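A.B. asks: Sequence:
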Amino acid sequence: MDALATLINLLGDQDKKDFKAFMRKKNKRHDVKNILLFELLNTDDINGLEKLLKKTKSRDSYHALRKRLHDNLLLFLSQKTFESNNSQASEVMRLIVVSRFLLENDVDKTAFKCLVKAEQIATKLEQYNLLNDILLLKINYAHSEASENLEDLTTRFMVNQQHMQREAKLNLAYAFLRQEMREVNLKGKVVNLAALMLGTIRKYQIAVKDLMNYKSIYQILFIANEYAAIHQDYSFIERYIQRIQHFIQGKKKADESHLFYQLHVLYFLANFHLRNRSFDKSAEYLSEMKNQMEQHRFHESQFYPRHQLLSALNLYFTGRGGEGTAVLMKALEMTTKKTKQEDIEDLRICLTMFLSLQDDRSCLRHLALFQHTDQWYEKKMGMLWTIRKNLMEVLVHAQFGHIELAVSRLSSFKRRYSGFLTETHEERVLHFASLVEKYFNKPDIVFNPVFQKTAVDLLKNKEHADIFHICFISWLIAKWEKKSAYQIVLQHLSSRHTSENI
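Numbering-wise, the numbering used here puts 1114 at position 489 of the sequence shown, and it's gapless, one number per residue.
If you are wondering where the hints come from, they were derived from the structure by calculation, not from laboratory data. The reader is advised that the hints may include incorrect statements.
Unchecked claim - Once the Cα atoms are required to be at most 25 Å apart in a straight line, the calculated DSS-like pairs of lysine-lysine come out as:
#, residue 1, residue 2
1, Lys-1014, Lys-1004
2, Lys-1067, Lys-1104
3, Lys-641, Lys-651
4, Lys-1078, Lys-1107
Just so it is clear, the structure is predicted and the values come from calculations on it, not from any experiment.
Build out the structure end to end from the sequences listed, making use of the hints.
C.D. replies: Written out as structure tokens, the structure is:
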């Protein structure tokens, strides 16, 4: 999808009507074709677009028309966002704009009242960049009779500069770690996360106390989540989780100014506990996340798919497979053009997995909806996600009798990913793939005691303790147990939970 179509998809029905009215008001001539182009792109009218292209004098003229429409869309969106955003940060920006206008027109007393209010809100929100603009504006007009004491302003300005420097260092460290995780995810770079984070903190001279706020915790958990997902090991960060939980307990009251980061932190904590099979604890964080979204609707649409995904996984792995499947189906029905494609793909892959583990043939229909190339999935969803998707595709086709197709897909899988899996020390995936290949070549091998022991040992191995690994291995065990893979999964999780409690 090109940039212009992407911008149009951000508009709701009323927004589109408002944009056309905006363009009619802006157009100085009646023969311009920008509104026509907008309508053709909005309705995906290929024939109409081809006719419009022929009517324009040249291809350059057509692209110039698209460029002007693109620029007007950006202008409309910026004005609409600023006008409709009722967040406190936007209120501060509006107060700064009006204060500057009033000061330029010698209405100093009212201007400084606005700036006092803006500074109070910005301080509460910890919006140091906005505070910088407010204090600079006050300092520039310190000669006014309505102004505050210059020495007091200077002290606050210098303190705020320190806050800005600290935030800048945190953002640089986060950007560096995100870049490293991208190298790990897409190119198989091997890193030690603990050493990497410690080295980054030292490099940017960050104090540990600076890491104990919602934004920093969100950034740390994001990096840790990426790393844990790549290595399928969520147990190594448990020591960090306790400290973060302690911080959250001291912040029980919902803080609207940090809601975006709060919701992310709750999501990551719910995910960590889910992947470590602490389903009750995960459900607690999901409940708190739901409460926050219901109280503050601003971020609800953004976090709804992720919340539903984890809720469905919790239900599924605690024996309520039907409820979990229903949650995913409803979440997919609720998606809109504004829903992130990554969220849709995550919901879809989980639904496909749920159905296949329960021997439901409808999973083939959902599998067919994955129509992008491997390159697209690797870039958009990450290497590990794409590997899991391809391996699941192999198993599902084999499960429902498409053996030749499954063999072909497994061969392609090994050709494409063997090198990456070897480089990243993920030979366990190749080990599992070799067992699947043996089964394809000789289906009766699943009744061989040596083969069975090898598969069961994989399930008992701590490296395969992740819930998604359990699902893959259970598919193989189900071939001789004459049960659904879902029954094997629940049986293993139940026995593991019992042994851990003992």
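A.B. asks: Work down the list of hints and note, for each, if the structure agrees.
C.D. replies: Okay, the hints, checked on the actual structure:
1. Distance hint between Lys-1014 and Lys-1004 is fulfilled; the C-alpha atoms sit about 14 Å from each other, no more than 25 Å.
2. Only pairs whose Cα atoms come within 25 Å are accepted, and Lys-1067 paired with Lys-1104 is accepted, the gap being roughly 12 Å.
3. For the hint pairing Lys-641 with Lys-651, the CA-to-CA distance comes to about 15 Å; that is within 25 Å, so the pair holds.
4. Between the alpha carbons of Lys-1078 and Lys-1107 the distance comes to roughly 16 Å, so the proposed pair stays at or under 25 Å and holds.
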